[in-house]
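**Q** Sequence:
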Amino acid sequence: MTHRVFVYGTLKSGFPNHHLLKGCECFGGAASVPTYKMIENGFPVILPDPQGKPLAGEIYTVDDETLARLDRLEREGSSYDRKLIDVTLQLASGERLPTKAFIYVGREERFGRAFARGPFYETVNERGELDWKAGA
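Numbering follows my numbering, in which position 53 of the sequence shown is assigned residue number 53; successive positions increment by one, without gaps.
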């Protein structure tokens, strides 16, 4: 079975954990429809926030084995929860297509204190989306 995964941090192209997506099809840039707040803890952590911002990222198609590897990396169920969300795929033609993809969201009980301390990551792209390490 295949799954779509929205990545916004160390799994993005050019970042340290991208090798876990080797051989997976990249659909390109995308933005989350739900909004989040983000902190940087050596890696980005997000929590849902109605007053937050959408996330900039990439969408990949992965198989069950790759999804299981990503779950282990993200410590799914203890540090992060894998959620199915609405995303907007941004095609090279400029067209924007709605779709759904999994995303890894920080667990409040694991990261709540860090979010209470802040500071929040605020770097946004030209569309106003939180864009971790934009231009890095």
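Hints were generated in silico from the structure; no laboratory data involved. Possibly wrong hints are sitting among the right ones.
Straight line, CA to CA, 30 Å or less: simulated BS3-like cross-link-like pairs of lysine-lysine [as the list claims (entries may be wrong)]: (1) 83 / 133; (2) 83 / 37; (3) 22 / 37; (4) 22 / 83.
The structure presented is a predicted model; accordingly, all values stated were derived computationally and were not measured.
**Q** Are the hints correct? Go through all of them and say.
**A** Hints and how they fare:
no.: 1; hint: 83 / 133; verdict: 23 Å, holds
no.: 2; hint: 83 / 37; verdict: 16 Å, holds
no.: 3; hint: 22 / 37; verdict: 29 Å, holds
no.: 4; hint: 22 / 83; verdict: 22 Å, holds
In this structure, none of the earlier numbered hints is contradicted; all agree with it.
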